[in-house]
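Colleague: One letter stands for each residue in the lines below.
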Amino acid sequence: MGKKLLIVDDSPAIRVLIERAALAGGYEVCAQAKNGEEAVKLYSSTLPDVITMDITMPIKDGLAASKEILALNPEVKILMLSAMGDEEIVNQAKEVGITHFMKKPFKGEEIIKILDNM
Amino acid sequence: MENRGFYLDDIDLVKMFIDEWTECLEGLEKEILKLEVHTDDSELVNDIFRRVHNIKGGSSFVGLSGITRLSHEIEFTLDAIRKKKAFVNSELIDSLLQSLDYLNGFIGYIHDKVKEHDFTEDGRIFVEFGSEQEETAVLEGLRQALEQCKESAKEDEKPVEKGEQVESELEFKSNLTEGIKEQFFPENLEHIERIENHLLIHLDNHGNDREVIHDFFRTVHSIKGGIGIYLATIPSQNPEHLALKEISEVVHHFESLLTLVRDKEITFDKELINLSYEVMDYLKISLSMLESEEGHTLSATEILEKVDKYVIYLQSVTDHLTDSSKQPARPESEKMPNLPPKSNIMQSIRVSQEKLDKMMNMISELHIAKNAFMHISSRLNLEYDLPEMSKEVKEVGSYINRISDELQNAIMSIRMVEIKSVFQKMPRVVRDIAQSSGKKMELYMEGETTEIDKTIIEQVSDPLVHLIRNAADHGIEAPEERLRKGKPETGRIVLRAYNKNKHVYIEVEDDGKGIDVEKLKKKAVEKGFFNETQIEKMSQNQLINLIFLPGFSTANKVTEVSGRGVGMDIVKSNIEKINGNITIESAVDKGTKMMIQLPLTLAVSRGLAVESSGETYIFPLEYIVETVKIHRDNIHSVNGKCFTYLRGEVIGVEWLSKIFLTGERDTEKEELNAVLIVNGAEKFGVIVDKLKNEQEFVVKTLEGHLASIPGISGSTLLGNGKVVLIVNPADIIQLA
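For the protein sequence lines, the chains are A and B, in the order given. For the first sequence, our numbering gives the first residue as 1, with consecutive numbering after it. For the second sequence, our numbering gives the first residue as 1, with consecutive numbering after it.
Calculated directly from the structure, the hints in this document are not laboratory data. Quick caveat, the model's predicted, so the values are computed rather than measured. Hints may contain errors.
To be verified - Heads up, simulated BS3-like pairs for lysine-lysine below, C-alpha to C-alpha not over 27 Å straight-line:
1) B:83 x A:60
2) B:593 x B:420
3) A:34 x B:15
4) A:34 x B:30
5) B:572 x B:590
6) B:593 x A:60
7) B:115 x A:107
8) A:3 x A:77
9) B:30 x A:60
10) B:440 x B:683
11) B:683 x A:103
12) B:34 x A:107
13) A:60 x A:94
14) A:107 x B:83
15) A:103 x B:34
16) A:103 x A:41
17) A:77 x A:103
18) B:537 x A:67
Claimed, not checked - Cβ-to-Cβ under 8 Å is the rule here; a few derived chain A residues that face chain B:
19) 14
20) 17
21) 56
22) 84
23) 85
Here a beta-carbon is modelled for each residue, glycine too, at the ideal position from N, C-alpha and C.
Take the sequences, apply the hints, and build the full model.
Modeller: Here it is as structure tokens:
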């Protein structure tokens with residue numbers, strides 16, 4: 001069985017996009033969250049190996065959610081998906097200890113390549 | 001992209017994105033409109049931002065770079081708003097909406113393509129971009145609007161220095177001025193009033209309340225901002241421009257003073273408060289001069305000098321303060337930005353009183369017109385023998401009745417305002433008197449949220465100021481005198497408003513020296529109002545009411561404050577003009593209580609329709625005590641005046657026909673119908689032929705030669721379209 005992946009994004013379409021790529025790449029998508037708050041909850045109940053994390057989301061944004069998840073488990077691997085104009089937040093995320101970033105838009109093969117190397 | 005078009009290949013994905021975007025766009029327009037009013041609502045900006053961000057992210061995936069570019073630009077703009085780098089103005093909102101329309105159109109276009117299965121042979125969609133010019137125009141429009149907003153944000157920070165450079169380019173904006181002006185004056189006056197009546201009064205007692213000092217600073221800053229924006233819309237040749245610049249300078253300097261006070265933890269002392277009041281007075285006067293377009297304002301030099309002097313003084317005083325005392329100040333002043341935002345301020349629009357009045361009038365007429373249904377209904381039944389039809393008309397009638405009732409309630413509630421707006425002035429009034437007379441007193445206000453019709457509020461404001469002045473100036477004694485009498489040194493004035501029995505009551509109560517009836521007696525005789533025997537016969541209540549006589553003033557010396565020639569008689573007549581009533585209770589050395597009774601609204605009254613000599617009249621309900629049947633034998637006549645005994649009380653009676661000279665006393669009937677009316681303490685019975693029904697009516701004043709008929713206060717329309725006269729009971733008692 002492949003690694004467990006948690007997809008966090010407020011856009012259903014992007015979730016589908018990542019899901020398709022992940023399944024094709026041999027990952028098990030254990031859960032999908034549409035905001036940061038759900039992400040934290042689902043992390044605790046599903047304990048994924050890797051997480052793809054969107055930044056701008058309602059209720060709780062990706063940075064805050066990542067902080068909370070990293071506090072639960074500093075070892076978890078988070079891939080942060082940034083968009084044009086998110087540079088500031090990316091810098092903040094680096095300070096929190098997030099090491100992997102990917103700029104939107106991306107192709108399915110690209111995201112798998114990064115996930116494989118994490 | 002040379003051919004301005006490209007292919008979308010993943011149709012499912014595109015469909016999903018389109019659904020998402022449509023959802024995002026749905027609320028967006030409304031939210032942007034909301035943003036125009038709530039520029040400080042960061043949650044709102046965040047939500048708009050998130051929606052646009054979502055579109056941006058999605059569009060980049062499917063390769064719709066046009067949408068990505070535009071949504072990025074919108075995001076950029078929103079970010080500037082969020083970080084307070086740009087001020088939201090209507091132009092910016094316009095451009096945002098324009099961009100939104102463009103997005104909407106484009107997404108709609110793709111949506112249609114997908115729906116119509118307008119695919120190419122290999123199952124893809126060929127998307128043509130809208131014209132490049134259009135896209136660029138939208139983008140440019142947004143960029144420019146943002147640039148201008150950034151300018152005005154900068155300008156707001158330094159209105160004085162920056163003013164000159166931007167002037168020339170802003171001249172073409174002068175057509176904007178009117179709209180801004182309409183908001184500018186009332187808004188700033190509101191700020192000033194709040195400072196005067198709220199913040200300064202509070203600081204007077206708690207000079208070190210940092211929260212309030214911050215609030216003060218912010219409010220002054222808002223005034224400055226407002227002036228800056230208004231200034232930007234006035235051409236520089238305009239004399240107003242110069243005047244406004246001067247005002248702006250005063251506010252700017254005053255703000256610097258407050259910055260010192262805030263940052264150096266200085267306590268507000270009496271001197272500082274007096275200076276603040278002076279600045280507020282200056283602002284109020286010069287702004288109202290500007291508004292009335294007199295074209296000139298007060299000279300600012302004097303007030304500027306005072307403020308500057310104080311700034312220098314504060315700097316010198318605080319320079320040798322030790323650093324340790326400054327240290328604790330930091331965290332608190334840094335707290336300032338995240339103090340409660342303005343989001344809890346209720347959303348409202350300003351409507352001119354005239355429009356409201358017109359609407360009120362029309363609804364009132366509808367109210368009357370609807371009565372016709374009942375009339376027609378009964379005629380259909382009785383005269384035309386169509387009971388079915390009659391029932392139908394009646395149903396429609398009651399339906400319209402209900403709607404017009406609701407309409408009336410709605411407009412009534414619009415016209416209702418909190419009495420706070422009047423009460424707010426009072427602390428300043430009391431403070432000024434306390435300052436100039438050296439007395440100590442405190443004003444307590446209760447029931448500020450009591451609601452009352454706007455027109456009534458306007459009418460009651462001056463009388464109320466007068467009563468408060470009286471209480472402070474004549475009621476409350478000097479501190480030594482109070483101590484001698486065993487009262488607390490600080491006098492107490494209570495201003496209270498409450499609802500009771502469909503009326504609003506306002507009370508002014510003080511614990512001062514009260515009204516000395518003996519003094520009143522002496523004075524009444526001295527001034528020749530009454531002779532001594534008349535005076536001795538008067539009841540306590542009648543004696544106290546002497547002060548309402550024109551030209552009767554009890555103050556030993558007329559002071560600057562209360563001796564303005566507006567006597568209690570004016571107060572009384574002003575209150576009576578709005579169908580109100582004023583009564584006094586007073587005890588020597590205990591205090592005085594003035595009670596004003598006011599109707600909730602002036603618009604619609606209830607009255608009793610009566611018939612006399614074949615003519616219908618209406619008696620306003622407020623004046624009616626009861627209706628009674630009097631037996632012929634119980635009417636006695638002395639010297640041509642008639643009276644009757646009613647439950648042991650002697651009450652004067654007269655026939656309405658006799659009063660209006662429409663007929664003679666009708667003594668044929670055994671039982672006579674009488675309307676018992678009251679004016680003050682006096683009761684009087686008016687005999688009429690027939691008591692009809694109680695109904696609502698709207699007073700229409702009579703004009704021209706009809707205006708001054710004694711005994712008649714106006715006219716109204718009945719449901720059947722008949723005009724009837726409204727009786728003025730106070731006059732009737734005089735006439736009889």
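Colleague: Which earlier hints turn out false for this structure, listed by number in ascending order?
Modeller: 6, 10, 11, 12, 14, 15, 18
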